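Visitor: Spelled out from the first residue to the last, the chains are:
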Amino acid sequence: MSKVVKQSILVSLVLAMSVALAACGGDKENDKASANADADGDKGKSIQLLNVSYDPTRELYESYNKAFAVYWEKEKGQQVKIQQSHGGSGKQARAVIDGLEADVVTLALGYDIDSVQESGLINEGWQQKYDHNSSPYTSTIVFLVRKGNPKGIEDWDDLIKDGVEVITPNPQTSGGARWNYLAAWGYALHHNNNDEAKAQEFVKQLFEHVPVLDSGARGATTTFVERGLGDVLLAWENEAWLAVKELGPDKFDIVYPSESILAEPPVAVVDKIADKKGTHEVAEAYLEYLYSEEGQTIAAENYYRPTLDSVKTKFADQFPDIKLFTIDEVFGGWAEAQPKHFNDGGIFSQIYVPK
Amino acid sequence: MAGSVPLTAAGTNPPIRSRRSKDSGVVKWSLVSAAVLVILWLIGLPLIVVLTEALKKGWHVYVQAISDPDALSALRLTLLVAAITVPLNTIFGVAAAWAITKFKFRGRQFLITLIDLPFAVSPVIGGLIYVLVYGAHGWFGPWLQEHDLKIIFALPGIILATLFVTFPFVARELIPLMEDQGQLEEEAAVTLGAKGFRIFWKVTLPNIKWGLLYGIILCNARAMGEFGAVSVVSGHIRGSTNTLPLHIEILYNEYQFSASFAVASLLLLLALVTLLLKSWFTRKIKN
Numbered sequence: 001m002s003k004v005v006k007q008s009i010l011v012s013l014v015l016a017m018s019v020a021l022a023a024c025g026g027d028k029e030n031d032k033a034s035a036n037a038d039a040d041g042d043k044g045k046s047i048q049l050l051n052v053s054y055d056p057t058r059e060l061y062e063s064y065n066k067a068f069a070v071y072w073e074k075e076k077g078q079q080v081k082i083q084q085s086h087g088g089s090g091k092q093a094r095a096v097i098d099g100l101e102a103d104v105v106t107l108a109l110g111y112d113i114d115s116v117q118e119s120g121l122i123n124e125g126w127q128q129k130y131d132h133n134s135s136p137y138t139s140t141i142v143f144l145v146r147k148g149n150p151k152g153i154e155d156w157d158d159l160i161k162d163g164v165e166v167i168t169p170n171p172q173t174s175g176g177a178r179w180n181y182l183a184a185w186g187y188a189l190h191h192n193n194n195d196e197a198k199a200q201e202f203v204k205q206l207f208e209h210v211p212v213l214d215s216g217a218r219g220a221t222t223t224f225v226e227r228g229l230g231d232v233l234l235a236w237e238n239e240a241w242l243a244v245k246e247l248g249p250d251k252f253d254i255v256y257p258s259e260s261i262l263a264e265p266p267v268a269v270v271d272k273i274a275d276k277k278g279t280h281e282v283a284e285a286y287l288e289y290l291y292s293e294e295g296q297t298i299a300a301e302n303y304y305r306p307t308l309d310s311v312k313t314k315f316a317d318q319f320p321d322i323k324l325f326t327i328d329e330v331f332g333g334w335a336e337a338q339p340k341h342f343n344d345g346g347i348f349s350q351i352y353v354p355k
Numbered sequence: 001m002a003g004s005v006p007l008t009a010a011g012t013n014p015p016i017r018s019r020r021s022k023d024s025g026v027v028k029w030s031l032v033s034a035a036v037l038v039i040l041w042l043i044g045l046p047l048i049v050v051l052t053e054a055l056k057k058g059w060h061v062y063v064q065a066i067s068d069p070d071a072l073s074a075l076r077l078t079l080l081v082a083a084i085t086v087p088l089n090t091i092f093g094v095a096a097a098w099a100i101t102k103f104k105f106r107g108r109q110f111l112i113t114l115i116d117l118p119f120a121v122s123p124v125i126g127g128l129i130y131v132l133v134y135g136a137h138g139w140f141g142p143w144l145q146e147h148d149l150k151i152i153f154a155l156p157g158i159i160l161a162t163l164f165v166t167f168p169f170v171a172r173e174l175i176p177l178m179e180d181q182g183q184l185e186e187e188a189a190v191t192l193g194a195k196g197f198r199i200f201w202k203v204t205l206p207n208i209k210w211g212l213l214y215g216i217i218l219c220n221a222r223a224m225g226e227f228g229a230v231s232v233v234s235g236h237i238r239g240s241t242n243t244l245p246l247h248i249e250i251l252y253n254e255y256q257f258s259a260s261f262a263v264a265s266l267l268l269l270l271a272l273v274t275l276l277l278k279s280w281f282t283r284k285i286k287n
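Residue numbers (our numbering), protein chains in the order written: chain A, 1 to 355; chain B, 1 to 287.
So here's chain A without its partners, still in its complex pose:
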């Protein structure tokens, strides 16, 4: 009898505790969520944007956000605070699809924005909305070598010489690495009368010279720069300049190959979310201002190639004029290149043998 009483007391106690906890836990979360929603919408004149971007644009948008906030307040008398999120381009697209409430996405390649569009968050035709395929700035792939270029690396051919170690991230996870891979492929095509089999053989040999595949562009840079691995890093032009600036011009040289790929990192407003938050107008202005004189200057100062002619001439010395081919010309765009080369079972997974 007493045992039954005791047990029922304890059971009810445990039950009561967990029910009470579940209830207050739930309340807490709801409160927080609605508090967040309030902060986004009802701050009077102040407005918040979230820009979901890829890894190497951190420094660029840090300066640009300040400039745009000043411009917007002057123009509309409205305060705008821009929040940033950075990560690997594919991962960031995934996060937006999963519910990260980005007003704008500024990613490494069109394919990633395409996948956000396919989830229904972005209206079709986003790439025609702004000039230059919605890519306000461009970049290319260059070589970062150790000071004095001890291995004498001048062009893509030199990368597959004996004893040369190449650092590049994994094309299956990194946007930058896909540009690296396609740049090498395009070079090989052009030097072998557009023979696909020879291009594939060249890229296969190139990846035999890669001792380790990092998952992202910044990881690969750190491997090359901090861990001292490899003789040459295939990198975004802006990433290479930044590494030289941050870590000392006495340690590295930048080598421009005879030709490379024109990388077009595009931008888009995430229509559904901007509509929901009521930020569509400012989100559009935010992207348009990237094309302005000031926006372009900030891009150039952060080693992105400007598309506006006046800024181009001003920074001509910084961006050597090399032959650049586009992904549309050589590969028929991302929609073709991605499945053919990088998806499971694509050419990369066939030619790359992990060490």
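Derived from the structure by calculation, the hints contain no laboratory data.
Being a predicted model, the structure only gives us computed values, none of them experimental.
Where is the CB? At the ideal position from N, CA and C, for every residue including glycine.
One or more hints might be untrue.
In silico contact screen, one side only, chain B against chain A (beta carbon under 7 Å); selected entries [to be verified]: (1) V131; (2) G135; (3) A136; (4) I152; (5) F153; (6) G235; (7) I237; (8) R238; (9) E249; (10) N253; (11) Y255; (12) S258.
Subject to a maximum C-alpha distance of 20 Å in a straight line, what follows is the list of computed EDC-like cross-link-like pairs (lysine to aspartate or glutamate) [as the list claims (entries may be wrong)]: (13) A/K251 - B/E254; (14) A/K81 - A/D114; (15) B/K209 - B/E185; (16) B/K209 - B/E179; (17) A/K66 - B/D70; (18) B/K56 - A/E246; (19) A/K204 - A/D157; (20) B/K57 - A/E226; (21) B/K57 - A/E246; (22) A/K66 - B/E254; (23) A/K272 - B/E146; (24) A/K251 - A/E165; (25) A/K91 - B/E254; (26) A/K245 - B/D148; (27) A/K272 - B/D148; (28) A/K277 - B/E146.
Starting from the structure of chain A, add chain B where the hints point.
Guide: Using the frame of chain A, we list chain B on its own:
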């Protein structure tokens, strides 16, 4: 005989005894020095590296790094997450340990396995499951969006992921302890007329306080340090959903090595504060 025994003992035992004590001395000191070496190498050295790297570019850079608005917001978030998850998991842990050890019921073993699950599962998976459940395309995604509730890529998601990862610490500390103690004392308390909470405060809690304290410390350390699960659900919005460990990685990736170690030393400081609190509580309980 009484005289001869000590004599033989005196004649034969001393060399044996001295050899034995010499042996144990060697064993003792080699063990102690091995432990000290390993601790220095595994824990001391990295600590020194963190501090020297943090101060490499001088106090100015150090102070700037830890007073940066993004760093402060990360610190606030980390403390807030710990302040919510640790008490919740303490209560959950005590309730679960109590239910498991003081009662026999069907599915008891299964419940223990469930509690252990977060230890066995990679934290990244721990984060991903919440994305799959609460994400825009997850089970509750459409409903949450309709009601404009944000779980993933906001504070609730970070708290959920941290709760998941730190769930076993308190319960796992308490279950073996309470199992050993059995329920005799609680039964005695019941026969003496004590009820519910009184039994808990007067009988159970004093018995488990050490295990509980240790469990809370571990739980807190992990809650403040968790990277993988939180990284998946955070969305990495600077100044908003970045916790300290995420902020450290960001700074490191931005070539701000000194700043990243400076913030790392801040996290270290939090750990030290936790340990100090523990010894303070220990003394308080003892008195």
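Visitor: Compare the structure with each hint and give your call.
Guide: Hints, one by one, checked against the model:
Interface restraint check for B/V131: the shortest CB-CB distance to chain A comes to about 5 Å, inside 7 Å, so the restraint holds. Taking 7 Å as the C-beta contact cut-off toward chain A, the hint placing B/G135 at the interface holds, the least distance being around 4 Å. Hint status for B/A136: holds, given a least beta-carbon distance of 4 Å to chain A, under 7 Å. Taking 7 Å as the C-beta cut-off, the interface hint given for B/I152 holds, the closest approach to chain A being about 5 Å.
A cut of 7 Å between beta carbons decides the hint on B/F153: the least distance to chain A is about 4 Å, and the hint holds. The beta carbon of B/G235 is positioned within 7 Å of a beta carbon in chain A (closest approach about 4 Å), and the interface hint is therefore held. Taken as an interface hint, B/I237 checks out: its beta carbon lies about 5 Å from the nearest beta carbon of chain A, inside 7 Å. The interface hint given for B/R238 is met, as the beta carbon of that residue sits about 5 Å from the closest beta carbon of chain A, less than 7 Å.
With a cut of 7 Å, the hint placing B/E249 at the interface with chain A is violated, because the nearest CB-to-CB distance is about 10 Å. Against a cut-off of 7 Å between C-beta atoms, the interface hint on B/N253 holds, since the closest Cβ of chain A lies about 5 Å away. Given hint, B/Y255 at the interface with chain A, holds; its Cβ is 4 Å from that chain's nearest Cβ, closer than 7 Å. Hint on B/S258 is violated. Least Cβ distance to chain A is approximately 12 Å, over the 7 Å limit.
Restraint check for A/K251 and B/E254: the C-alpha separation of about 18 Å stays at or below 20 Å, so the hint holds. The suggested pairing of A/K81 with A/D114 is violated, with an alpha-carbon distance near 27 Å, which exceeds 20 Å. The straight-line distance between the Cα atoms of B/K209 and B/E185 is roughly 15 Å, inside the 20 Å bound, and the hint therefore holds. Distance restraint check for B/K209 and B/E179: the Cα-Cα separation of roughly 15 Å lies within the 20 Å cut-off, and the hinted pair is therefore satisfied.
The suggested pairing of A/K66 with B/D70 holds, with an alpha-carbon distance near 15 Å, which does not exceed 20 Å. Proximity of B/K56 to A/E246 is assessed by CA-CA distance (about 16 Å); at most 20 Å being required, the pair is judged to hold. Simply put, A/K204 and A/D157 have alpha-carbon atoms about 13 Å apart, close enough for the 20 Å limit, and the pair holds. The suggested pairing of B/K57 with A/E226 holds, with an alpha-carbon distance near 17 Å, which does not exceed 20 Å.
At roughly 14 Å between alpha-carbon atoms, B/K57 and A/E246 fall within 20 Å of each other, so this suggested pair holds. Proximity of A/K66 to B/E254 is assessed by CA-CA distance (about 19 Å); at most 20 Å being required, the pair is judged to hold. Of the pairs offered as hints, the one joining A/K272 and B/E146 holds, with about 13 Å between alpha carbons and a cut-off of 20 Å not exceeded. Distance restraint check for A/K251 and A/E165: the Cα-Cα separation of roughly 17 Å lies within the 20 Å cut-off, and the hinted pair is therefore satisfied.
This hinted pair checks out: A/K91 and B/E254 have alpha carbons roughly 18 Å apart, not beyond 20 Å. A threshold of 20 Å between alpha carbons decides the hint, and for A/K245 with B/D148 the separation of about 44 Å lies outside it, so the pair is violated. A C-alpha spacing of about 13 Å is found between A/K272 and B/D148, which places the hinted pair at or below 20 Å, so the restraint holds. Straight-line distance between C-alpha atoms of A/K277 and B/E146 comes to about 13 Å, which keeps the hinted pair within the 20 Å bound.
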